[in-house]
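Engineer: Chains A and B are the protein sequences, given in the same order. By the count of this note's numbering, the first sequence reaches residue 358 at its end, each step adding exactly one. By the count of this note's numbering, the second sequence reaches residue 358 at its end, each step adding exactly one.
None of the hints are false.
Where chains are identical, the list cannot tell them apart; a pair therefore holds if satisfied intra-copy or between any two copies.
Here are the computed lysine-lysine pairs in the DSSO-like style, where the Cα-Cα straight-line distance is at most 27 Å:
1) Lys338 <-> Lys284
2) Lys184 <-> Lys338
3) Lys177 <-> Lys338
4) Lys256 <-> Lys184
5) Lys356 <-> Lys293
6) Lys284 <-> Lys145
7) Lys145 <-> Lys256
8) Lys284 <-> Lys184
9) Lys177 <-> Lys256
10) Lys177 <-> Lys145
11) Lys338 <-> Lys356
12) Lys184 <-> Lys145
Everything labelled a hint here was simulated from the structure, so no lab data went into it. No experiment lies behind these values; they were computed from the predicted model shown.
What follows is each chain in one-letter form.
Protein chains: 2
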Amino acid sequence: MNYFVIMCGGVGSRFWPFSRNERPKQFLDFLGTGRSLLQMTIDRIRPLADPERIFLVTNEAYVDQIREHLPEIPADNILAEPARRNTAPCICWAANHIAALDPEATMVILPADHLIIREEEFRRTVSEGIDFVNADGGLLTIGIKPTGPNTGYGYIQFGDAVEGWPGVMRVTAFTEKPNLELAKSFVESGEFLWNAGMFIWRTADILDAFRTYAPETAALFGQGTGKYATADETDFVNEIYPQAESISVDYAIMEKADNVFVKSADIGWSDLGTWNALYETAPKDRDANVIIKSRVLTEGCRGSVFAVEGDRIVVASGLENYIVAQTDRALLICPLEKEQEIRSVVNSVASRFGDKYI
Amino acid sequence: MNYFVIMCGGVGSRFWPFSRNERPKQFLDFLGTGRSLLQMTIDRIRPLADPERIFLVTNEAYVDQIREHLPEIPADNILAEPARRNTAPCICWAANHIAALDPEATMVILPADHLIIREEEFRRTVSEGIDFVNADGGLLTIGIKPTGPNTGYGYIQFGDAVEGWPGVMRVTAFTEKPNLELAKSFVESGEFLWNAGMFIWRTADILDAFRTYAPETAALFGQGTGKYATADETDFVNEIYPQAESISVDYAIMEKADNVFVKSADIGWSDLGTWNALYETAPKDRDANVIIKSRVLTEGCRGSVFAVEGDRIVVASGLENYIVAQTDRALLICPLEKEQEIRSVVNSVASRFGDKYI
Numbered sequence: 001m002n003y004f005v006i007m008c009g010g011v012g013s014r015f016w017p018f019s020r021n022e023r024p025k026q027f028l029d030f031l032g033t034g035r036s037l038l039q040m041t042i043d044r045i046r047p048l049a050d051p052e053r054i055f056l057v058t059n060e061a062y063v064d065q066i067r068e069h070l071p072e073i074p075a076d077n078i079l080a081e082p083a084r085r086n087t088a089p090c091i092c093w094a095a096n097h098i099a100a101l102d103p104e105a106t107m108v109i110l111p112a113d114h115l116i117i118r119e120e121e122f123r124r125t126v127s128e129g130i131d132f133v134n135a136d137g138g139l140l141t142i143g144i145k146p147t148g149p150n151t152g153y154g155y156i157q158f159g160d161a162v163e164g165w166p167g168v169m170r171v172t173a174f175t176e177k178p179n180l181e182l183a184k185s186f187v188e189s190g191e192f193l194w195n196a197g198m199f200i201w202r203t204a205d206i207l208d209a210f211r212t213y214a215p216e217t218a219a220l221f222g223q224g225t226g227k228y229a230t231a232d233e234t235d236f237v238n239e240i241y242p243q244a245e246s247i248s249v250d251y252a253i254m255e256k257a258d259n260v261f262v263k264s265a266d267i268g269w270s271d272l273g274t275w276n277a278l279y280e281t282a283p284k285d286r287d288a289n290v291i292i293k294s295r296v297l298t299e300g301c302r303g304s305v306f307a308v309e310g311d312r313i314v315v316a317s318g319l320e321n322y323i324v325a326q327t328d329r330a331l332l333i334c335p336l337e338k339e340q341e342i343r344s345v346v347n348s349v350a351s352r353f354g355d356k357y358i
Numbered sequence: 001m002n003y004f005v006i007m008c009g010g011v012g013s014r015f016w017p018f019s020r021n022e023r024p025k026q027f028l029d030f031l032g033t034g035r036s037l038l039q040m041t042i043d044r045i046r047p048l049a050d051p052e053r054i055f056l057v058t059n060e061a062y063v064d065q066i067r068e069h070l071p072e073i074p075a076d077n078i079l080a081e082p083a084r085r086n087t088a089p090c091i092c093w094a095a096n097h098i099a100a101l102d103p104e105a106t107m108v109i110l111p112a113d114h115l116i117i118r119e120e121e122f123r124r125t126v127s128e129g130i131d132f133v134n135a136d137g138g139l140l141t142i143g144i145k146p147t148g149p150n151t152g153y154g155y156i157q158f159g160d161a162v163e164g165w166p167g168v169m170r171v172t173a174f175t176e177k178p179n180l181e182l183a184k185s186f187v188e189s190g191e192f193l194w195n196a197g198m199f200i201w202r203t204a205d206i207l208d209a210f211r212t213y214a215p216e217t218a219a220l221f222g223q224g225t226g227k228y229a230t231a232d233e234t235d236f237v238n239e240i241y242p243q244a245e246s247i248s249v250d251y252a253i254m255e256k257a258d259n260v261f262v263k264s265a266d267i268g269w270s271d272l273g274t275w276n277a278l279y280e281t282a283p284k285d286r287d288a289n290v291i292i293k294s295r296v297l298t299e300g301c302r303g304s305v306f307a308v309e310g311d312r313i314v315v316a317s318g319l320e321n322y323i324v325a326q327t328d329r330a331l332l333i334c335p336l337e338k339e340q341e342i343r344s345v346v347n348s349v350a351s352r353f354g355d356k357y358i
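The shape of chain A in the complex, shown without the other chains (with noise of 0.2 Å):
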């Protein structure tokens, strides 16, 4: 059977003042969709699984969260980290949990909080990769065609196409996020997808490739063989879970592995990790602003994102490429093009005025 594991411990902290701590950007509507971006993910999915194969790994803060967004899902899905340690653990545990349920599973592992316009597309894609990796084994990664050089996503080289399987193809590398230069050559070359965090394996092969490429953290969980999907579990994973080596799964097993496979894919993919990539994505009134949730009167205004929650109208002038996000705790003005230093920014914040501001 196929299950559905979405990681969603995230905070996303890019996007403060919209996301902070205690509301992670997946639970923000975002789009003003009226469904946050966990919701979308589930929607995305549900005509390919029902609930009861649908797991959510999250931070135990969120649980509460998750419930209310999401009630379809069984509570016994909700697979609570009391720690964060990165990707490796979290699929890891979801591994043995599915494979306690189900040692024959297919798992398919989604992030919480992208966006994807073209759902049909995506959906095909996932049921193609689930037949790839149920008839010859292998870990198969998602990897979206690029639409730019852009510099604040990973990067998949490939290699030969796997015949019999459209889009399939032998990964030859992952790289870090590139500079543009680097970025521009890729996108040129044709050799290279973007990685989203999307893949597709069985959970067996999975299991495998952690004994082999990340073997402490395959012995720590091994321990809990006989707890998983028991009422043991809990209490053994609070106590193991602080122990695993902080590391994401692309570095842990991905890039070391020799079964790698990418699916390539055309589905209008957004990570939303930064205010600049939500910009890209959205769509833009006449002077290229985007507008989200907000009533904006502009007069000058150019390139710039608006994002004000509440019933408050908001008049602008002049702004080129800027950033206006408020929510009830804050207001942030600032460049596009310094989004980055929003991680300092929140910092100071919670120096100066406090914890709950962040």
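We have chain A already, so just place chain B on it with the hints.
Structural biologist: Below, chain B without anything else, positioned relative to chain A:
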């Protein structure tokens, strides 16, 4: 006896969104002192007058707010205009009302929404002005020594000094707001003062002047003789007030009369008529920003005004010479140099979002 008349019927729409129709500037605690501009105006004159001799002329829409701000002023001392008709009808009514109470009265007319830093000096100026008009008659205006070539104020040209009354001169001309070149030559000449809209005269003298220079206004209000300061006054005024010509006392009387004097004053005055005026007046941080009642973290901001109501914190980057003003209804982000356009913006806001926002 001396009577003080505070004109407080204006809207101050250039301070939108802080000021709006239902909450004009005079009712705002603009500088974060804990007292509204109106309260500060009354506080300033209280050493010179008991509450019984302080009158407020306002639009009837603001009567409740005035009573709330000034519980010590007798309710009968609030003269509620049924229509907006500029300062000449307002002053003519007040003069008739006070003449009915005390035919020997001397009146001091003051705006409700100006800032005066040197209050002792202000009170000394007013006291000496009262002495002057009580001794010699005439229409006295208080003129402010210019601190620079401000183009936002009207100017008063003075001529001969009046012997025996330090700082009192004959007025040669009233001028409109000048352009910058003209303003510079005014200031350099040393013959001009700023028109602060503050007047001192015997009630009998201003009523004489109305009869001579604004006979229609005088006649209209003259119909009420015998009704002022009685139970019949309100009905009478409500009936005739809308018929009054809408004109300032400067145009109607001061520019025409031949017994007009000015007393020069150096009292740390600003009409707070614009965000720029407020900026000039208020204390600044090390980056020359003015932070009013707001918790603001700035990075690379200079010469900007931040006035953000409520608990919300503000993080701003890269703003130079901007206004950032927010209330529970609206957020304004606008270059200080464009503040003249705020009035037209307010009109657009009204037509697009409704009157409750202006």
